[in-house]
Amino acid sequence: MSIKKPVEHIAKATPPSIARRVRGLSDRAIAWLFVGPSIVLLLAVNIFPLIWTINLSFTNFKANRLRDAEYIGLRNYERILTDADTWQSMQATAHFLFWTIFFQVLIGFALAYLINKKFKGNDLWTTIIVLPMMLSPAVVGNFWTFLYQPQIGLFNYVVQFFTGVEASSFSMIGSVTLAPWAIVIVDTWMWTPFVMLICLAGLRSIPDSIYEAAECDRASKWRQFWTLTVPMVLPFLMLAVLFRGIENFKMFDLVVQLTGGGPGSTTLLTSIDLKREAFEKWRTGYASAYAVILFVTVFGLASIYVKALNKVKER
Amino acid sequence: MAEVSLQNVSKSFGDQVALENVTMTVPDGSFVVLLGPTGAGKTTILRMVSGLDKPDSGQILINGEDAASQSPAERNMAMVFQQYSLYPHLSVRQNLAFPLKSPMLRTPEDEIIRKVDAVAETLQISHKLDNKATELSGGEMQRVSIGRALVRKPQIFLMDEPLSSLDAKLRSDLRIELKRIQASLGATMLYVTHDQVEAMTMATHVGVLDHGKLVQFGSPREIYEDPVSIYSASRLGSPKINILPAEIFPGAPNGATSIGLRPEHISIGEGVEVKVGRVEHLGDQTRLHLKIGELDLMTLTDPHTKLTRGDTLSFLPRNPLYFDANGVRIKLGA
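Just so you know, the protein sequences line up as chains E and L, in that order.
Numbers given in the working numbering equal positions in the first sequence, counted from 1, plus 552.
Numbers given in the working numbering equal positions in the second sequence, counted from 1, plus 142.
If you are wondering where the hints come from, they were derived from the structure by calculation, not from laboratory data.
Beta carbons are placed, not taken as given, at the ideal position from N, Cα and C, and that holds for glycine.
Among the hints, erroneous ones may be present.
[As the list claims (entries may be wrong)] The calculated label-pair distances, taken between Cβ atoms and stated as ranges, are:
1) L:M246 to E:S727: 51 to 59 angstroms
2) L:F155 to E:L786: 42 to 50 angstroms
3) E:Y857 to L:V159: 50 to 58 angstroms
4) L:G281 to E:S590: 22 to 30 angstroms
5) L:D315 to E:A860: 37 to 45 angstroms
6) E:I680 to L:A260: 50 to 58 angstroms
[Claimed, not checked] As a list, the in silico EDC-like pairs of lysine to aspartate or glutamate whose alpha-carbon atoms are at most 16 angstroms apart:
7) E:K865 to L:D337
8) E:K773 to L:E216
9) L:K274 to E:E866
10) L:K196 to E:E866
11) L:K243 to E:E767
12) L:K257 to E:E866
13) L:K382 to L:D337
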């Protein structure tokens with residue numbers, strides 16, 4: 553008798569599941585009701601196109617022709633991977649990726665380091681520095697073409713001022729050797745603030761007391777920087793590199809506005825090349841294979857990188 | 143190895159006065175405990191001596207030399223922070239080795255390993271050497287933080303409540319160990335604590351701080367037996383000194399408004415009648431809660447006492463401490 557009573561009590565106290573009161577649906581059904589629409593949307597706009605693209609990549613389908621496509625096996629892949637022009641595109645992209653990340657990390661970290669020193673008006677400076685990031689890439693591309701103008705461009709004038717090289721003697725976007733650097737400069741100008749912000753978050757996450765302890769442990773500023781600051785900001789820095797890497801791998805708008813891939817094909821990044829194959833030459837099957845190759849590359853590189861990032865975080 | 147001297151040191155943070163005109167000499171090789179409630183300025187003194195903060199006015203002398211121009215590194219001191227301040231991305235071993243890797247010391251690699259192992263042994267954290275600093279419990283972090291100070295031989299130790307988050311057993315072990323290490327190195331120690339056992343057992347000198355002012359400086363016995371004020375008297379002693387109106391007992395000197403009674407000032411036998419409240423048997427001693435009318439007091443008695451709640455007994459003060467209306471001690475015969 554004395555055992556039975558508390559059990560009854562508990563049974564009464566447990567409220568009936570909310571689900572059972574909502575038109576007889578189970579908890580699970582309600583969960584599906586919430587997730588369902590997003591899953592359907594995801595399937596429709598992400599997963600299905602991906603599978604369809606893979607399917608098309610094995611055909612000679614052309615979206616501007618009505619005739620049926622034929623399956624041609626791996627021919628598209630074979631042609632892309634043996635095509636010298638594609639490799640040149642890949643190289644241009646690699647050059648762009650490497651140097652934009654290199655400069656953005658270097659300058660972004662340096663700026664963050666300076667801004668993090670508490671001085672008057674550093675909030676104002678942060679806002680000013682972050683401005684380029686807020687502009688539209690098309691606008692940035694457009695006005696940098698003016699800055700790069702040999703006759704009236706501010707950029708050329710500044711170069712002349714500092715180096716003495718005649719402003720009208722070179723054209724950043726017209727020269728085969730300079731154009732790849734022209735796009736690196738603009739992207740760096742625009743996106744360094746982003747890297748800076750992430751680095752700043754990293755720097756601000758390090759409490760002052762760590763530096764005080766190091767000070768008492770007689771570590772020089774130099775040693776504090778290399779053994780405390782850098783390792784503790786590294787995970788943040790790597791995250792910034794990941795974001796910038798993925799973004800710049802699919803860089804399109806800024807470069808199209810600036811150079812349109814030229815002169816020749818010196819700044820023809822893979823995404824621009826791909827767009828031309830798909831929507832100017834209408835080689836849909838070929839472009840699909842191209843897209844699959846790029847996707848696998850980015851996905852592969854990013855996975856390896858994320859693994860490395862997690863390792864650094866665990867340290 | 144080092145005498146530390148503060149001369150009229152003042153420090154404010156905004157309009158908050160942290161230290162006001164503190165003058166104090168910490169003799170070479172002494173163990174000075176700073177006492178006072180939170181916000182009394184104990185940590186501020188440590189930070190001044192370490193060089194992490196600069197005084198607004200006044201001087202800090204180390205071995206008679208003005209330390210104002212010396213960086214924390216040049217002062218050759220080791221500090222244990224209240225919030226541990228371990229290097230979170232490093233292992234315990236790397237944390238402990240960090241000070242030894244200073245180019246100022248140039249410790250050879252095998253000696254670093256030997257010293258780190260020895261310190262870890264002392265602090266009972268050998269089994270955690272390869273853990274990351276963030277994977278430790280509070281007590282373990284605190285020990286690593288002490289270890290980081292002990293691995294090298296500084297001339298001054300600055301410790302901010304270094305044993306506060308340890309369990310009782312470890313605390314008493316380390317109390318003895320710290321005292322031993324300090325004595326064998328002959329280093330000067332400035333030590334902040336709330337624990338009166340630590341103060342009484344380890345200190346050669348105690349400094350009592352009240353709202354940024356140093357109100358008394360002397361040996362622990364001096365502070366205990368001869369406090370300058372109620373405030374000072376309340377810092378040491380367990381149970382705490384009983385402060386009662388002076389007129390309850392006969393024989394109060396002129397101007398005395400309060401009488402301070404420690405257990406040893408209470409002579410049970412005859413005199414004022416009191417009622418026994420709670421009786422706490424602590425094993426080695428028994429705490430008696432007594433009531434005189436509405437007033438409470440606490441004293442110690444024989445561990446095997448037969449007294450129980452509701453009993454009455456009488457006592458008279460024996461050599462008690464008297465204080466005036468401002469809480470300042472009135473010395474008899476002065």
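*Taking 16 angstroms as the top limit, are the C-alpha atoms of K257 (chain L) and E866 (chain E) close enough?*
Since the Cα atoms of K257 (chain L) and E866 (chain E) sit roughly 27 angstroms apart, the hinted pair is violated (cutoff 16 angstroms).
*asked:* With the threshold set at 16 angstroms, check whether the alpha-carbon distance from K865 (chain E) to D337 (chain L) stays at or below it.
replied: violated (39 angstroms)
*Taken at face value, is the distance from the CA of E866 (chain E) to the CA of K196 (chain L) at most 16 angstroms?*
violated (38 angstroms)
_S590 (chain E) and G281 (chain L) - C-beta distance against the hinted 22 to 30 angstroms_ = violated (47 angstroms)
*With respect to the beta-carbon atoms only, verify the hint that F155 (chain L) and L786 (chain E) lie 42 to 50 angstroms apart.*
violated (34 angstroms)
*Given the range 51 to 59 angstroms, decide if the beta-carbon distance of M246 (chain L) to S727 (chain E) lies inside it.*
holds (53 angstroms)
*For the range 50 to 58 angstroms, tell me whether the beta carbons of I680 (chain E) and A260 (chain L) fit it or not.*
Given a distance of about 54 angstroms, which is inside 50 to 58 angstroms, the answer is holds.
*With a cut-off of 16 angstroms on the C-alpha distance, tell me whether K243 (chain L) and E767 (chain E) pass.*
Status holds; Cα separation ~13 angstroms.
_For K274 (chain L) and E866 (chain E), compute the direct alpha-carbon distance and say whether it is at most 16 angstroms._
Since the Cα atoms of K274 (chain L) and E866 (chain E) sit roughly 9 angstroms apart, the hinted pair holds (cutoff 16 angstroms).
*Holds or violated: K382 (chain L) to D337 (chain L), with C-alpha atoms at most 16 angstroms apart*: holds (13 angstroms)
*Could you tell me whether the CB distance from D315 (chain L) to A860 (chain E) stays inside 37 to 45 angstroms?*
With a Cβ separation near 43 angstroms, D315 (chain L) and A860 (chain E) satisfy 37 to 45 angstroms, so the hint holds.
_Between the alpha carbons of K773 (chain E) and E216 (chain L), is the straight-line distance 16 angstroms or under?_
Roughly 13 angstroms between the alpha carbons, so the hint for K773 (chain E) and E216 (chain L) holds.
Of the hints listed earlier, those the structure fails to meet are numbers 2, 4, 7, 10, 12, in rising order.
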